[in-house]
Amino acid sequence: MSTAETVSVIVVVALILLAIGNIVFSVLAERNNPPIGTFTECEGVRLHYLDRGDPAAPCVVLFHGNGSMIQDFMISGLVDLLARRNRVLCFDRPGFGYSQRPRSRIWTATAQAALFVKALNQLGVRNPVVLGHSWGTLVAIALGVRNDYPIRGLVLASGYYFPTWRWDVWMMSGPAIPVLGDLVRYTIGPILSWAILPMAFRKLFAPRSVPRDFKTRFPASLTLRPKQLRAAAEESAFLIPTAAKFQSHYPSIQCPVHIFHGAGDQIIEPEQARYLHRALPASVLHLVEGAGHMVTYADGAAIAHAVSGLTAVTRP
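Per the numbering used here, the very first residue in the sequence shown carries number 769; after that it's consecutive.
Among the clues, some could well be false.
Stated by the list, open to error - Calculated pairs, DSSO-like style, for lysine-lysine (alpha carbon to alpha carbon, straight line, at most 27 Å): (1) 971 with 995; (2) 971 with 983; (3) 995 with 886; (4) 971 with 886; (5) 995 with 983.
FYI, nobody ran anything at the bench for these hints, they're computed from the structure.
Could you build all of it, start to finish, from the sequences and the hints given here?
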């Protein structure tokens, strides 16, 4: 066997061992962090969600950001705050946590909104307030521009609304590439992601420190599973095109809108919130000083207060 052949065999064996190791790691991650909510099936997609509060009260629907899951809103305390006066439905969006993301569909924000409309109808939910954080704001907006599902209002936190040049988006989209991306996700992808996770968390919460509760309770190992890495990479690739598509539709949003953004956000510039506020003159802008991208942790009380105002809005 030549040197080149020997090296090739070693590389193939190493990749196989890495793939097996990552599959085992995923199984252990799910065993150590079982589902905390309930499941419903809609259009062949199994969705994991949390249902808290008074079933007869006005409903608030929560959509998390890219790479995250239900636990994010739980740890921030937002679910408990909102559940005091409302029914709270918090979904794992497709591909995150324990919700499925079939590869037979392209899971744009519009496609996700269409799925959630059907899921909410199945659950008997009408006229909710919809709260989205980060990438979840795009799903919330996609619901807001529909004319077949009335909502009381939108609460948008740390969102990206207008296209800009972002090199980081293209860097993070690699694992979504068919075949090559699959190879990366099942071999070195989880290892690289694990290595940069602490730095990523610090940047998410900066200028504040990462909360102790988040460090101890957030199931970071679930974010390193190959299937969740694929979902995160796809949504990175969709970010700029989705903002470009939606910007012309903002004036069609008829419901009340509250816009929250951390003034020190290092992930998405606060100007995005200002620009959206200008596009929606009737909206209310909340720029939170000393807060970063995880504004839901910095000022949950103000967000809950905004939701309370919206739940009083009567929609047909």
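Hints, one by one, checked against the model:
Of the pairs offered as hints, the one joining residue 971 and residue 995 holds, with about 24 Å between alpha carbons and a cut-off of 27 Å not exceeded. This hinted pair checks out: residue 971 and residue 983 have alpha carbons roughly 14 Å apart, not beyond 27 Å. For the given pair, residue 995 sits about 24 Å from residue 886 by alpha-carbon distance, which is consistent with the 27 Å threshold. Restraint check: the Cα-Cα separation between residue 971 and residue 886 comes to about 35 Å, which exceeds 27 Å; the hinted pair is violated.
Between residue 995 and residue 983, the direct Cα distance comes to roughly 22 Å. Compliance with the 27 Å bound is thereby established for this hinted pair.
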